[in-house]
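Residue numbers (the working numbering), protein chains in the order written: chain A, 42 to 471; chain B, 42 to 471.
Check the hints yourself; a few may be wrong.
The list makes no distinction among identical chains, and a pair is therefore deemed to hold if it is satisfied within one copy or across any two copies.
With a straight-line cut-off of 27 Å between C-alpha atoms, the simulated DSS-like cross-links for lysine-lysine are [claimed, not checked]:
hint : residue 1 : residue 2
1    : K462      : K48
2    : K152      : K138
3    : K138      : K468
4    : K198      : K84
5    : K463      : K109
6    : K198      : K48
7    : K393      : K321
8    : K280      : K109
9    : K274      : K93
10   : K393      : K112
11   : K112      : K215
12   : K318      : K74
If you're looking for bench data, these hints aren't it; they were derived computationally from the structure.
Protein chains: 2
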Amino acid sequence: MENQSVKRIAEAVKLDSFALAAATESIRNVALKAIANALAEHKDGIIAANEKDLRLAEQSGIASPILKRLKFDETKLGDVIRGIEDLIDLPDPVGRKLSRRQLDDNLILEKVSCPIGVIGVIFESRPDALVQIVSLCLKSGNCAILKGGSEAQNTNKALFDAIYDAGIASGLPKGFLTLLQSREDIGELLQCHESIDLIIPRGSNEFVRYIMNHSEIPVMGHADGICHIYVDKAADIEKAIPIILDSKTQYVAACNAVETVLVHEDIAKDLLPPLAKALKARDVSLYGCARAMEILSDIAAADETAYFTEYLDYTVNLKVLANLDEAIDHINRYGSHHTDCILTEDTETAEKFMQRVDSAGVYQNCSTRFADGFRYGFGAEVGISTGKLHARGPVGLEGLSTYKYKLFGDGQIVDDYATGKKTFHFKELS
Amino acid sequence: MENQSVKRIAEAVKLDSFALAAATESIRNVALKAIANALAEHKDGIIAANEKDLRLAEQSGIASPILKRLKFDETKLGDVIRGIEDLIDLPDPVGRKLSRRQLDDNLILEKVSCPIGVIGVIFESRPDALVQIVSLCLKSGNCAILKGGSEAQNTNKALFDAIYDAGIASGLPKGFLTLLQSREDIGELLQCHESIDLIIPRGSNEFVRYIMNHSEIPVMGHADGICHIYVDKAADIEKAIPIILDSKTQYVAACNAVETVLVHEDIAKDLLPPLAKALKARDVSLYGCARAMEILSDIAAADETAYFTEYLDYTVNLKVLANLDEAIDHINRYGSHHTDCILTEDTETAEKFMQRVDSAGVYQNCSTRFADGFRYGFGAEVGISTGKLHARGPVGLEGLSTYKYKLFGDGQIVDDYATGKKTFHFKELS
Numbered sequence: 042m043e044n045q046s047v048k049r050i051a052e053a054v055k056l057d058s059f060a061l062a063a064a065t066e067s068i069r070n071v072a073l074k075a076i077a078n079a080l081a082e083h084k085d086g087i088i089a090a091n092e093k094d095l096r097l098a099e100q101s102g103i104a105s106p107i108l109k110r111l112k113f114d115e116t117k118l119g120d121v122i123r124g125i126e127d128l129i130d131l132p133d134p135v136g137r138k139l140s141r142r143q144l145d146d147n148l149i150l151e152k153v154s155c156p157i158g159v160i161g162v163i164f165e166s167r168p169d170a171l172v173q174i175v176s177l178c179l180k181s182g183n184c185a186i187l188k189g190g191s192e193a194q195n196t197n198k199a200l201f202d203a204i205y206d207a208g209i210a211s212g213l214p215k216g217f218l219t220l221l222q223s224r225e226d227i228g229e230l231l232q233c234h235e236s237i238d239l240i241i242p243r244g245s246n247e248f249v250r251y252i253m254n255h256s257e258i259p260v261m262g263h264a265d266g267i268c269h270i271y272v273d274k275a276a277d278i279e280k281a282i283p284i285i286l287d288s289k290t291q292y293v294a295a296c297n298a299v300e301t302v303l304v305h306e307d308i309a310k311d312l313l314p315p316l317a318k319a320l321k322a323r324d325v326s327l328y329g330c331a332r333a334m335e336i337l338s339d340i341a342a343a344d345e346t347a348y349f350t351e352y353l354d355y356t357v358n359l360k361v362l363a364n365l366d367e368a369i370d371h372i373n374r375y376g377s378h379h380t381d382c383i384l385t386e387d388t389e390t391a392e393k394f395m396q397r398v399d400s401a402g403v404y405q406n407c408s409t410r411f412a413d414g415f416r417y418g419f420g421a422e423v424g425i426s427t428g429k430l431h432a433r434g435p436v437g438l439e440g441l442s443t444y445k446y447k448l449f450g451d452g453q454i455v456d457d458y459a460t461g462k463k464t465f466h467f468k469e470l471s
Numbered sequence: 042m043e044n045q046s047v048k049r050i051a052e053a054v055k056l057d058s059f060a061l062a063a064a065t066e067s068i069r070n071v072a073l074k075a076i077a078n079a080l081a082e083h084k085d086g087i088i089a090a091n092e093k094d095l096r097l098a099e100q101s102g103i104a105s106p107i108l109k110r111l112k113f114d115e116t117k118l119g120d121v122i123r124g125i126e127d128l129i130d131l132p133d134p135v136g137r138k139l140s141r142r143q144l145d146d147n148l149i150l151e152k153v154s155c156p157i158g159v160i161g162v163i164f165e166s167r168p169d170a171l172v173q174i175v176s177l178c179l180k181s182g183n184c185a186i187l188k189g190g191s192e193a194q195n196t197n198k199a200l201f202d203a204i205y206d207a208g209i210a211s212g213l214p215k216g217f218l219t220l221l222q223s224r225e226d227i228g229e230l231l232q233c234h235e236s237i238d239l240i241i242p243r244g245s246n247e248f249v250r251y252i253m254n255h256s257e258i259p260v261m262g263h264a265d266g267i268c269h270i271y272v273d274k275a276a277d278i279e280k281a282i283p284i285i286l287d288s289k290t291q292y293v294a295a296c297n298a299v300e301t302v303l304v305h306e307d308i309a310k311d312l313l314p315p316l317a318k319a320l321k322a323r324d325v326s327l328y329g330c331a332r333a334m335e336i337l338s339d340i341a342a343a344d345e346t347a348y349f350t351e352y353l354d355y356t357v358n359l360k361v362l363a364n365l366d367e368a369i370d371h372i373n374r375y376g377s378h379h380t381d382c383i384l385t386e387d388t389e390t391a392e393k394f395m396q397r398v399d400s401a402g403v404y405q406n407c408s409t410r411f412a413d414g415f416r417y418g419f420g421a422e423v424g425i426s427t428g429k430l431h432a433r434g435p436v437g438l439e440g441l442s443t444y445k446y447k448l449f450g451d452g453q454i455v456d457d458y459a460t461g462k463k464t465f466h467f468k469e470l471s
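Model the full assembly from the supplied sequences, consistent with the hints where possible.
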């Protein structure tokens, strides 16, 4: 494989994708089961490979959050194996009849779900993401071409070998899974718009934005996660403070962590002092608008750039506003259309917010950290999309599927309908 | 408007799109009714404007098929008005609850359909397309920015004025509809990825391909329509010939016209002579592979380029193949993923073809010309998509919609679930 160009590899995978698209549910589920078993069998080798990656990473002085994501121990292996077993039990995303309509006698139109085809996945250090994404692609009948981070290279190879051999032994076509190894392969991969149907990048903002700007292939994912909480005048302060704390500090490096808290002027004096105290107790640095600074004298000034910043850190902006409309405008202007929340006990206000805020997730009275495939009950996710076409928010099996129209006739020609010799008789069939 | 940059216009439209997204079904339908009435009232002015365009086009020697598409008389006006009235009666595409799931007590996740936002539409000479696309965008709560062909400029302006005034009088935000007039505006429009969510181009292959390659904005549509019919050995020749004739000649300039007919070797000798005779009787020029030329001595040779060509004319390729797999491979390689048909009485063969051919429409025993929003019973279409993400095939109201996730909570935080203090209780609600 090393000697082949990525273009040639992708072309071969494309051809195999038609065979995988036609594989029955049973073939795909049997292969998933074999993969789960193989991962368990190769436990020692996988963990040894990960230990090697961890040693190399430590030697090269890689930051500790990356080390944490890189670690793949027995617990994590157990989790991904259980994840595969859960996935096997989920309903088949392929071949669902999304609609069935009679156009005329013996002329039946079916809209049927089917795989997208070939998915290119470019991801960072987390080895569990590899297993998750591969199993979601397989369950949904898609071929996957993977490029993992170099720091996880030994772990990825060990995982790939176990998964690939189990898949082939179960009768899957060779192209069901490909692992690219060198960094230069990414550039070539992005040029394969004839063979690759979708790219899913998982990594830093800059990395994802680079991918989005350097390929004609559709990209599904998100670069920024600039999430907001708007505290309405009708908010319950008892609920508001824990929600804001959780949204900011439960995991600061997450894309669904809150970066700016907007506060209605009528509640600002009651909310901001205890909120600031609670945030500072968790070591959160505060930036504020002029009005917030009037109430909280000891915070720094938030400028225009601050509102466009995804901190991914223990930092938050506080801004006081006159009304709901200003909050909606701020979020639609500075936000990244990821997840935004209103805290209010007023249903009508919540409804207006949730209708007008142009984001994949619009929440009332709960933490922005809920934006996640597992927490949404999807079983798993390949990522979160802030694009508005195809899939939005956390993307699971459904986002890895498309559909085709099947039209079953008995000799019908269009000229008969164009000339009025026949007329359509539309009828929904179930 | 003439003095504003397209970027500034698009930014203003973006802001108005949030208001239009929140407009009730009743507001949108009342506006559609007012638009239908206004078009009827302004009949004389619209037809006079079209006559002016037609005169100018004739003077400049424009080809007659374009003149035909440009013509907008009382009959066509009546058709588009009836189209709007039909659209009013269709169910609201906005605010449909696509799913509703309990994540835990008082933590309810709803997936709700909503408009995409701002749609840029760049279209050719057909004035009826303008009315159709505008009314579909309005029904689905999207703002539309239009750029029509210069040859239809007077007609487009007359239609726009009538529609715009009626919309504004019905209370729609100003940005619901914008007409750009100059050709240079297209380049600027393609740069507005901050404000425009989707581009729909309607025009020649080269034009659509240019748009697709020159914008970061997602593009929905198709460049080529290279459609195939595969005549299986188990085909009924009595059905096959009329279907092929209709697919080729009912309207040769359509994207869903057939360009290559693939024939199983077992049926080639019986099918090709009467088929060639029937096609020639309709002035169709025939190209063929070596094996087809053995049977039909008086046809020209089809080379590799021929199979990649969308003729849009009275020309067709004939190719003899050994089996179904060769037909599927040919279509997936040379086709444009638009619409491809198998003629066979064998259900299992049809099923294999329809599963493995990677096209938006896969047909059995009927004309490829059925690939159309009206004929599918969608009411109307904004175009046909050969992309595999978001919308595929003829695109109607559903393809102009996206969704958002609304999460309704009562103070829930993620930390309680991460620490095991609480657990999720997923339950589908109806």
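Verification of the supplied hints:
Taking the closest pair of Cα atoms, K462 and K48 never come within 27 Å of each other, the shortest separation being 51 Å inside a single copy and 50 Å across copies. In this assembly of identical chains, the alpha carbons of K152 and K138 lie at most 27 Å apart whether taken from the same copy (6 Å) or from different copies (20 Å). Taking the closest pair of Cα atoms, K138 and K468 come within 27 Å of each other both inside a single copy (16 Å) and across two copies (23 Å). In the homo-oligomer, the alpha carbons of K198 and K84 lie at most 27 Å apart inside one protomer (13 Å), although the nearest pairing across protomers, at 70 Å, exceeds that limit.
Taking identical chains as interchangeable, the C-alpha atoms of K463 and K109 lie at most 27 Å apart only when they sit on different chains, with a minimum of 25 Å there against 68 Å within one chain. In this homomeric assembly, K198 and K48 come within 27 Å of each other (Cα to Cα) only inside a single copy, at 21 Å, whereas the closest approach across copies is 48 Å. For a Cα distance limit of 27 Å, the shortest separation of K393 from K321 qualifies neither inside one copy, at 32 Å, nor across copies, at 63 Å. In this homomeric assembly, K280 and K109 never come within 27 Å of each other (Cα to Cα): the closest approach is 32 Å inside a single copy and 65 Å across copies.
In this assembly of identical chains, K274 and K93 lie within 27 Å of each other by CA distance neither inside one copy nor across copies; the values are 54 Å within and 59 Å between. Taking the shortest Cα distances, K393 and K112 never come within 27 Å of each other, neither inside one copy (44 Å) nor across copies (44 Å). For the identical chains of this complex, K112 and K215 are neighbours neither inside a copy (29 Å) nor across copies (55 Å), given an alpha-carbon limit of 27 Å. Taking identical chains as interchangeable, the C-alpha atoms of K318 and K74 are never at most 27 Å apart, the minima being 51 Å within one chain and 56 Å between chains.
Checked against the numbered hints given earlier, the structure breaks hints 1, 7, 8, 9, 10, 11 and 12 and satisfies all the rest.
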